[in-house]
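Participant: Start from the sequences and build out the full structure, keeping to the hints where you can.
Here is how the chains run, residue by residue.
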Amino acid sequence: DAKTTQPNSMESNEEEPVHLPCNHSTISGTDYIHWYRQLPSQGPEYVIHGLTSNVNNRMASLAIAEDRKSSTLILHRATLRDAAVYYCILRASGSARQLTFGSGTQLTVLP
Amino acid sequence: DTEVTQTPKHLVMGMTNKKSLKCEQHMGHRAMYWYKQKAKKPPELMFVYSYEKLSINESVPSRFSPECPNSSLLNLHLHALQPEDSALYLCASSPGLAGASSEQFFGPGTRLTVL
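Residue numbers (my numbering), protein chains in the order written: chain S, 1347 to 1457; chain Z, 178 to 292.
Hint data in this document are derived by calculation from the structure and do not stem from the laboratory. Fair warning: there could be bad hints in the mix.
Said to hold, decoys possible - When the alpha-carbon atoms are kept at most 25 Å apart in a straight line, the in silico DMTMM-like pairs for lysine to aspartate or glutamate are as follows: (1) Z:K186 to S:D1428; (2) Z:K215 to Z:E180; (3) S:K1415 to Z:E280.
On a predicted model such as this, the values are computed, not experimentally measured, just so you know.
Facilitator: Listed below in structure tokens is the structure:
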């Protein structure tokens, strides 16, 4: 699977937007971009995924660069409950590829 | 019901003990997974089951023995573990194996300590 690079940690103030970056310069044309997050003492939780177009759901938005070599997870208004490790993962299409977690970004939300 | 349950929540065992971890889902998913997560590290895939058959074994030592008795249940049998096997063991499920857009649902994990 192609690799992803994320900052080790980020801080945000409560009720402000958060932009979590992910670089994936070796992404192939059929790789989907997935985001999961892991809250303290819990299992990972699906957040969002996309292929080429920007995506929105109730939790977040995913902005994908035109060349697909990077993406950004956007939390529109961070809350204290959003403090977690956020993982950006590439999954190849058309095969039984599994989730290969990178080191992720530890998001701290300040009150 | 969109939940994956795991029991027990915590387990302490000696190196000579035999114990089992249990995972259950009632979402009709046909793929189930075991992951191992050491402290401050990301989860690492151990086993994948598809339609109750072992599909992937990521070179896991034989002291870990998975079992999928039916489509809703996944067990991980533990025997002669080492202290370095202490970790959080996560179970996950998904509708199927293939499909890069398929979401995985994770349980809360079993915190295992080997003395």
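Participant: Look at each hint and say if it fits the structure.
Facilitator: Evaluation of the provided hints:
The suggested pairing of K186 of chain Z with D1428 of chain S holds, with an alpha-carbon distance near 23 Å, which does not exceed 25 Å. Between K215 of chain Z and E180 of chain Z the CA atoms are separated by roughly 23 Å; this keeps the pair inside 25 Å, and the hint holds. Pair hint K1415 of chain S plus E280 of chain Z holds up; C-alpha atoms about 22 Å apart against a cutoff of 25 Å.
Violated hints for the displayed structure: none, as all numbered hints are satisfied.
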